[in-house]
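Q: Each chain, written out:
There are 4 protein chains.
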Amino acid sequence: MEKVTILQQAEAAFRDNWKFCIGTGRLGLALQKEYIDHLKLIQEDIHFDYIRGHGLLHDDIGIYRELTLEDGSVQPFYNFTYIDRIFDTYMELGIRPFIEFGFMPRLLASSDETVFSWNGNVTPPNDYDKWYDLIQAVVSHFIERYGLEEVLKWPFEVWNEPNLTNFWKDADKEEYFKLYKITAIAVKDVHPDLQVGGPAISGGADHWIKDFLDFCENESAPVDFVTRHMYASNKAKKVTPELCYQDLFENTMMLDELKTVREMINASPFPDLPFHITEYNTSYSPINPVHDTPLNAAYLARTLSEAGDYVDSFSYWTFSDVFEETDVPKAQFHGGFGLIALNGIYKPTYHLFSFFNKLGSEQLHRDENMLVTRREDGSIAIALWNLVMDKGEGFEKEFELDLPVQFKDVFLKRQTIDEDHANPWNVWKQMGRPRFPDKTQVATLKDMAQPLRRTARLASNNGRLKLSFTITKNEVSLVELIPVKDETSTYIGIDDSLIPSYSRD
Amino acid sequence: MEKVTILQQAEAAFRDNWKFCIGTGRLGLALQKEYIDHLKLIQEDIHFDYIRGHGLLHDDIGIYRELTLEDGSVQPFYNFTYIDRIFDTYMELGIRPFIEFGFMPRLLASSDETVFSWNGNVTPPNDYDKWYDLIQAVVSHFIERYGLEEVLKWPFEVWNEPNLTNFWKDADKEEYFKLYKITAIAVKDVHPDLQVGGPAISGGADHWIKDFLDFCENESAPVDFVTRHMYASNKAKKVTPELCYQDLFENTMMLDELKTVREMINASPFPDLPFHITEYNTSYSPINPVHDTPLNAAYLARTLSEAGDYVDSFSYWTFSDVFEETDVPKAQFHGGFGLIALNGIYKPTYHLFSFFNKLGSEQLHRDENMLVTRREDGSIAIALWNLVMDKGEGFEKEFELDLPVQFKDVFLKRQTIDEDHANPWNVWKQMGRPRFPDKTQVATLKDMAQPLRRTARLASNNGRLKLSFTITKNEVSLVELIPVKDETSTYIGIDDSLIPSYSRD
Amino acid sequence: MEKVTILQQAEAAFRDNWKFCIGTGRLGLALQKEYIDHLKLIQEDIHFDYIRGHGLLHDDIGIYRELTLEDGSVQPFYNFTYIDRIFDTYMELGIRPFIEFGFMPRLLASSDETVFSWNGNVTPPNDYDKWYDLIQAVVSHFIERYGLEEVLKWPFEVWNEPNLTNFWKDADKEEYFKLYKITAIAVKDVHPDLQVGGPAISGGADHWIKDFLDFCENESAPVDFVTRHMYASNKAKKVTPELCYQDLFENTMMLDELKTVREMINASPFPDLPFHITEYNTSYSPINPVHDTPLNAAYLARTLSEAGDYVDSFSYWTFSDVFEETDVPKAQFHGGFGLIALNGIYKPTYHLFSFFNKLGSEQLHRDENMLVTRREDGSIAIALWNLVMDKGEGFEKEFELDLPVQFKDVFLKRQTIDEDHANPWNVWKQMGRPRFPDKTQVATLKDMAQPLRRTARLASNNGRLKLSFTITKNEVSLVELIPVKDETSTYIGIDDSLIPSYSRD
Amino acid sequence: MEKVTILQQAEAAFRDNWKFCIGTGRLGLALQKEYIDHLKLIQEDIHFDYIRGHGLLHDDIGIYRELTLEDGSVQPFYNFTYIDRIFDTYMELGIRPFIEFGFMPRLLASSDETVFSWNGNVTPPNDYDKWYDLIQAVVSHFIERYGLEEVLKWPFEVWNEPNLTNFWKDADKEEYFKLYKITAIAVKDVHPDLQVGGPAISGGADHWIKDFLDFCENESAPVDFVTRHMYASNKAKKVTPELCYQDLFENTMMLDELKTVREMINASPFPDLPFHITEYNTSYSPINPVHDTPLNAAYLARTLSEAGDYVDSFSYWTFSDVFEETDVPKAQFHGGFGLIALNGIYKPTYHLFSFFNKLGSEQLHRDENMLVTRREDGSIAIALWNLVMDKGEGFEKEFELDLPVQFKDVFLKRQTIDEDHANPWNVWKQMGRPRFPDKTQVATLKDMAQPLRRTARLASNNGRLKLSFTITKNEVSLVELIPVKDETSTYIGIDDSLIPSYSRD
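Chains as they are written, first to last, in UniProt numbering: chain A, 1 to 505; chain B, 1 to 505; chain C, 1 to 505; chain D, 1 to 505.
A couple of the hints might just be wrong.
Derived pair list, reagent style DSBU-like, types lysine-lysine, alpha-carbon separation capped at 35 Å [what the hints assert, rightly or not]:
no. : chain 1 : residue 1 : chain 2 : residue 2
1   : C       : K429      : D       : K3
2   : D       : K181      : C       : K397
3   : A       : K40       : B       : K358
4   : A       : K446      : D       : K33
5   : A       : K446      : B       : K408
6   : D       : K439      : B       : K153
7   : D       : K238      : C       : K446
8   : B       : K33       : D       : K446
9   : D       : K446      : C       : K40
10  : B       : K485      : A       : K466
11  : A       : K446      : B       : K358
12  : B       : K33       : A       : K439
13  : A       : K40       : C       : K429
14  : D       : K19       : B       : K153
15  : C       : K19       : D       : K446
16  : A       : K33       : B       : K358
17  : D       : K33       : B       : K485
18  : B       : K238      : A       : K429
19  : A       : K40       : C       : K446
20  : A       : K439      : B       : K235
21  : A       : K439      : D       : K188
22  : A       : K33       : D       : K19
23  : D       : K153      : B       : K33
24  : B       : K238      : B       : K408
25  : C       : K33       : D       : K429
26  : D       : K188      : C       : K429
27  : D       : K408      : B       : K358
28  : A       : K485      : B       : K446
29  : B       : K33       : C       : K429
30  : A       : K397      : B       : K397
31  : C       : K408      : D       : K238
32  : B       : K153      : D       : K408
33  : C       : K439      : A       : K40
34  : B       : K238      : B       : K181
Since the hints were made in silico from the structure, they are not lab data.
If we strip away everything but chain A, and leave its shape as in the complex, we get:
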């Protein structure tokens, strides 16, 4: 039993930069109806500000093409048919693109290396002038279509994880810096107030950050923000033909890394630059079943609670299992990154985000298992979690909270996910893991993806309320304490005991 006594005075502001940005499968997927349906669900409930994904310049969207004229000469052709449709969709859903320039259009590629089942080309341009022209054409078109005022709000990030050979040929740092500088200049040449940044590296290569900022300083390359990714998974323990298993580090690891990098930036020539984590998750594998579990939610709860101390934003990778990096999904649950599984089924981590979205901006208390906040209307909203990476049953934790509440009568609403609730992955296992479930099975999975919801009526005492909670293995709960304005006395002569089977309250 852990006892926590919470003061009336807020200890800090709780910022909502956990919802600044969300990751997506390659942008070309945004033409699909199921993708749009999922994004709509997310936006109506949580409403992220930005969305970031690969593939803006990939050949399925087809922006870069070349036309051969009668005289045999070739001229570039910029085709915005699909990207306009995609960004129009984003605008309608109230989410802005966090632009990532990449990967290389086939016609501009210097060689054949590709990444992912969808063959994103990861090589430098074969002609940097054409690349410069492409960047200018693209950015100019966005301004023409959406207006300068709008596009000034779009960050432009150059490439993705150039420190890894599978994302950038030979992980050639000098070549990346070259690409960066030319791209950044191309953007700024369109309008000097546009925001550009990098180096979008993966974890494990933070010397790139220092080198990158030094490069920008020395070579006068424009830079408006720094970006990096973070994942908590160790190397694969086992890879089957369709699944990948990994261990996870402790969930403080990511926080430590953020702090370290933030300090690196502070010590750089650009100490005031914003720092964005443009991808994070437990595992970096799109076929790791951990993403489908309550553990994933319980693991990341502390990240949502604390990462905002160090970074300007951190972007969960990704909102939906509409995703193809390792081929078309082969089953209803397949370890995808998504907050929403195929067929519109909420995963546990979806609810983690939905719960955090109900928190207030005054932080009353924070520790490794909870975050207690107050909302503008004086009501209290608490996130609670119990990460258990050990196997087996049990592991309940008990808490007793002594809270300040500014009202007498309290309506308590608790929403819970854990191993037994809002765990459609488990129900799906009970069903025999149907790869392609029929409508009835999908309907059941949707039903079972809802949190357990409990309510109660409580009374505070001298402005204090004592609450006890038992938190089960990998539970994440949202508890809301809402003022009650009791109107019972306005029902003259009301008496529930006159109803058969009921008693006076």
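Since the structure of chain A is already known, use the hints to place chains B, C and D on it.
A: Using the frame of chain A, we list chains B, C and D on its own:
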């Protein structure tokens, strides 16, 4: 512990005449958006065939009007603007009107007596010729608009509860028979295959049935079906300015009455006539809180299970709390008849109907607490209930079922309402009974109106499955046993124990 | 042929106070789906800021009720079930109520006089203390539900046309002033920044304005704005059992009246008060067929063009034929006020408003037949009209415009309503005036309610463009001149003459 | 002036097999929202029974995959994630797949030849056993998901245009027959009543038909229907980097071909086989601007009118410009096959289909410019057209029809497309051919894509009605003659002349 062993062979067919018809507030309310929204919810989930309500000829719909000509003479005018809009809505929602002729248009009324806060006039026509013309005009218009083939499926019922003085002036039986005969002839004169019936009496006056059929026989009045109402409530114990409390009879009372009346019809000159219960519920009061409770669902479960043995249909009164017989509803919960409360919140009895809608057509077993059915695909669907009219806690019942299942692996899905689940009335009490809840409160009430849903994976043994259930006070549950086609073995090398915190199943 | 040469420089700002407010049938109708459907159409296309109608306190919404206690005493009960639903709908559609307090709840009425087929009681309160309490309860509830910041934007107008005996018993001016003062104080006692005004008189009684403002000055009654109505119809020439025919005054009459009243206010003790026309139309009769005609649009075009010079707003009466002042509508077209006829069919005057909604805020030229504006993007938008009150055919007018355009290539789009286009009333006559049209007929009427649309490609010359228009009888047209960015040259080798039957452009 | 006198007696039945089937871009595109939006528009208005497209087995849908096991062995994996989503969509929209087996999954391909920008592999399987297994797996899965009763209605066609080298390696006939037989047997081995056919050839190779049927006879290959394509375009006259221009043959050419092939089948060992044209259009190029023109509609009108005499169905290629055979569309109008252009804009040919959808089943008269039909309710529906392949203006045709009508008062509704109406391609040219139009431009194009609609009131004389029409260049019109039930006399005292500016009718 009650043990039930169920045979492979079906004991009977289970008919779905419990969903033949549903009651509605006066038809004029069907212009309202909230009414239509509720009906749409009901139709998408349950899909009743017919809908019956008062007020077809009431002045708010305004079918009967008179125009004064320049020479001072007066001619009838039939205005179908609103009734067309209403019936168009019904047709779009796939539900047909079960027509009730009434009440009296003011201009045709012989005196001023009215019923309900909306002042339905309950007096005989001041001119039976004009009444005959009105009936003909109305029926002819329906045929013109919807086609003869369609309207031949609409039953035409004459008036409502003429045996009660508040619904028919002086409860004058002879006058009713006169009205009946003229109306029936007016209908048949439009087309002889149209279906007409009565006498639409309340309970407690079953001699009217005999008298009515004798009258039809003796006076050659056309009659195609017999109608009656049934309610299980005793006289009011207490009436406050906005609520009415009553005791309920045993829930076999209604079944006994049905049997008796069916036998009366069998013994009449028209032994083969269909018999429709065109209204029923626990209480006949639209402000009795019992309608909002789980008790109401548990009470009526047996009715849904067994009443179809005696009658051709029985029509729950009513689908929605959009209803005005005792004035505009004064609070979110106010004891209304509706399956759906204001603001689109499901009441417990809604789920009773929704659960029955999942039952199969083969009845394997039936008793006072359950109905076990098999569906076409071989799956089993069981309704369970535990009516407790005593006050206080406890009263759980335990059952052990030994069932035939034609498959090895079983997915069990159980959906439950009881005092603690899908009881938004109780949550509303915790909130302080807000009369006019805000959007946040409505959202919580909607969330809390969902059944508890539990799933499990079971294995049958030699074609038999043993299940144990504990049923709480006023619980109604639907249990589905669905064949599993286990695909786990198609996932090569799958091993959940490689996920942190999980074990091999 | 009239020649108009238009200068580059704007002569004035064109204000959009013609869309500040729109009238509605009594608020109780806002529960109906068809009403809401029409309002949604209007808001999506035109988007009015406010909506004003009668009946806030009428008994169908039922705000004021009384409960009789066991001891026989009576207490007021304020029922917000319906008004909350109505105002929630308005808020969702982005339109605010322009509150009109009235008519008198039956239980507060001092006698039986009523107006309209829906029996609005037009008598003073039987108890001014109860009235004061009612106003306070209502306003306080709005603030509780929608927030103070929101409700501070809602004007509160006291009563409707108290200068007419059918709207206020005996048209008793002193009694109205009493009502006004008590109501205004009740509102201000809730919050002093709430806005209250009157006297909401009809035309023809403008001495009330002076008397009203003198009263406010002398009696220290709060007043924040002045309101009045205006209609252009003379007395009825003929009234049939369902239609009313009237002559119309010249369409400058209303403008003259506005100017006169504005000067009266200027000369009053409150010279700076806003002045709102809270109702206007051609005819004040809800069964005058003129409302269904193109004439109605052509007549009011000049009003929309010029009335904003004199008043802060003017509110067209009303947006929809969902309306019941003279009983349920008896036919598809019946002379109703609505911009939208039953079954969602646009009337000509709807398009007048839709056309004005496309005008720019720079007024380049205005006369009795046109209004030429420039929009922010430099494009030109022109409204043209040709009011013809004479019978017969012909009456075309020709115009030649010489316009400044800041671009070379011009895309012209002209949308036209006249006797032969967007005149569903005429098509309905061709159909034989079906009172209750079937779905196919409604579909045709909807099709035929669309404007004639014509486009062309033009070229300007030295920043000037010459255009000729022929305007038919009762035509209203919107002409838009939009800059063209010609991309034809980017299609290498394009040659339409290679398509069978086509030529090079 | 051509005079046509039409008899009361129908000369034939007019069949609606023109709407039996419609073509689509490759099935993988059916995941896209815009594709689904267009199909929904089509189905709501016209409602085709079947839809046929390429790419069922292409790697973007990804049905055929292989998994490598730990021991290095490989096993096939059938992934139905995407095809289930696609066919679920079709089922929801009420359209069934007309299955085309093809193209070859990369892992089953015997070499690298591909077709289209999306690289459909056109080579025989590298292993016919694996192909047989794939076909069985696919068909079995469809039955499992949609039920046998449903899938028995789906035709299974083997491959596409194997007589062309770009669609089938070397256009190897013997290899195709081998593929056909094995595929047909695989289908029949799943269920003998499933329907299978071929050879899906292009025009110009009709000896394949004879050879194919002889093969089936000699080799006992199952065959249930014969399929072929037809296009009316000659070789390209000019090909630009994004457009292709061709001449068209006379529009009787296709009818002649159909007759010839039907006679070939009649003379074959399978004289009773159904004959389906599974693709047709004017041009076979997806970048021929003719598809965007009114000419395309006028050209095909006679095909829709007469082709059903010879074939069981003919399937327009294709419903939508959501299509990628020659890369992502590069402009709003680009010569695509679609009835609906990008952004949901109707092309003229859309209206041709929509007009034919209003025709009756009794054919009263047919010639090269018109088709006169009677509908079940006695109303008359006439399609008229005036194909003009010459350049320039003029070319009007005049017709005088003398028609039988079974009613006195006639409401005439005429809907027209021609060079000046419902020609958004022309408006787009006026706009400067914007490749990626903004929302305002799209809205205007949608407005301008509506037919001209005209109405009139006529009176027949002794059961006959004389009508004159002038038909402009490339006009297609639908004329409907609908009985009027005139209700004017029910409006007592109605007199339009009492409305300012109007006269008594």
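Q: Decide, hint by hint, whether the structure agrees.
A: Here's how the hints hold up against the structure:
1. K429(C) <-> K3(D): 30 Å, holds
2. K181(D) <-> K397(C): Given that 35 Å is the threshold and the Cα spacing comes to 75 Å, the pair is violated.
3. K40(A) <-> K358(B): 31 Å, holds
4. K446(A) <-> K33(D): Distance ~22 Å between K446(A) and K33(D) Cα, so the pair holds.
5. K446(A) <-> K408(B): The given pair, whose Cα atoms are some 25 Å apart, holds under the 35 Å limit.
6. K439(D) <-> K153(B): 49 Å, violated
7. K238(D) <-> K446(C): Not OK: K238(D) and K446(C) at ~44 Å, beyond 35 Å, violated.
8. K33(B) <-> K446(D): 31 Å, holds
9. K446(D) <-> K40(C): 21 Å, holds
10. K485(B) <-> K466(A): 49 Å, violated
11. K446(A) <-> K358(B): Measuring from Cα to Cα gives roughly 17 Å; hence the hint holds.
12. K33(B) <-> K439(A): Answer holds: K33(B) to K439(A) is near 30 Å, not above 35 Å.
13. K40(A) <-> K429(C): Violated, at roughly 46 Å.
14. K19(D) <-> K153(B): 33 Å, holds
15. K19(C) <-> K446(D): This hinted pair holds, its Cα atoms lying about 26 Å apart.
16. K33(A) <-> K358(B): 30 Å, holds
17. K33(D) <-> K485(B): Cα-Cα ~32 Å, so holds.
18. K238(B) <-> K429(A): 53 Å, violated
19. K40(A) <-> K446(C): Holds, because 32 Å separates the two Cα atoms, which is no more than 35 Å.
20. K439(A) <-> K235(B): Status violated; Cα separation ~48 Å.
21. K439(A) <-> K188(D): 28 Å, holds
22. K33(A) <-> K19(D): Status holds; Cα separation ~26 Å.
23. K153(D) <-> K33(B): Distance ~41 Å between K153(D) and K33(B) Cα, so the pair is violated.
24. K238(B) <-> K408(B): 55 Å, violated
25. K33(C) <-> K429(D): Violated, because 42 Å separates the two Cα atoms, which is more than 35 Å.
26. K188(D) <-> K429(C): Given that 35 Å is the threshold and the Cα spacing comes to 61 Å, the pair is violated.
27. K408(D) <-> K358(B): Given pair K408(D), K358(B) is violated - Cα atoms ~54 Å apart, limit 35 Å.
28. K485(A) <-> K446(B): 20 Å, holds
29. K33(B) <-> K429(C): Judged against 35 Å, a Cα distance of about 31 Å means the pair holds.
30. K397(A) <-> K397(B): Measuring from Cα to Cα gives roughly 32 Å; hence the hint holds.
31. K408(C) <-> K238(D): 32 Å, holds
32. K153(B) <-> K408(D): Cα-Cα ~33 Å, so holds.
33. K439(C) <-> K40(A): 34 Å, holds
34. K238(B) <-> K181(B): 40 Å, violated
Hint compliance for this structure: hints 2, 6, 7, 10, 13, 18, 20, 23, 24, 25, 26, 27 and 34 are broken, all remaining hints hold.
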